[in-house]
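Visitor: Below are the chains, spelled out letter by letter.
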Amino acid sequence: DVKVTQSSRYLVKRTGEKVFLECVQDMDHENMFWYRQDPGLGLRLIYFSYDVKMKEKGDIPEGYSVSREKKERFSLILESASTNQTSMYLCASSLGDRAGELFFGEGSRLTVL
Amino acid sequence: GEDVEQSLFLSVREGDSSVINCTYTDSSSTYLYWYKQEPGAGLQLLTYIFSNMDMKQDQRLTVLLNKKDKHLSLRIADTQTGDSAIYFCAEIFSGGYNKLIFGAGTRLAVHP
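Chains as they are written, first to last, in the numbering used here: chain E, 558 to 670; chain A, -2 to 109.
There's no promise every hint is true.
[Stated by the list, open to error] Computed far set for chain A versus chain E, every beta-carbon distance over 12 Å:
# : residue
1 : LEU29
2 : GLN34
3 : LEU61
4 : HIS68
5 : SER70
6 : SER81
7 : GLY102
8 : ARG104
[Stated by the list, open to error] Selected chain E positions facing chain A (in silico; Cβ < 10 Å):
#  : residue
9  : PHE577
10 : LEU598
11 : PRO618
12 : GLU619
13 : GLY620
14 : TYR621
15 : SER651
Bear in mind the hints are in silico, worked out from the structure with no lab data behind them. Since this is a predicted model, take the numbers as computed values, not measurements. Glycine included, each C-beta is placed from N, C-alpha and C at the ideal position.
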């Protein structure tokens, strides 16, 4: 069964801490994405990657960075967490020529105190 | 700019039909999508429609596309309690890299 796995379902961090959110897919997908989901705002794209070591900014990249050293793994980094980064973070992947057919992980709910 | 709009909440009685509506802005979108998010889970692709189609039917699901008005709808026949979820409309934005633009999601509540 195809799978996108996010390392942590729930995290609680303090303001200023560095936070790593890990995502691994086992489908050999070229494309990987990080979204954040907030009530009433839907999903907003933070960063995406179409290949190893490649990254592109999404709509709300400020305060975030990403790393894709291997095809199956895409990490989201919050260098210095702030309370307005409290949210649900969703990782997704897709085949190279099927950018709209996303497979999502179950999400990581981050609370920053 | 790119924008997808949908109403935030819909309540229906079990056994009735549900219709979830969506409007989008990018007239060059080649595909439009419906995703479903059950409580505590990530999103899963429900169905999609190619922009040169008016309608697509898949079991209890019917997707209608009015390209002139940039209006997309999802009809769920014989709605069941298991259909309670958030439904997201999404379009492919063709400016630069292809990326999905999601609406805010419609929360469907099914009551007996």
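Visitor: Of all the hints given earlier, name the ones this structure violates by number, lowest first.
Guide: The structure breaks hints 1, 2, 7, 8, 9, 11, 12, 13, 14; every other hint is satisfied.
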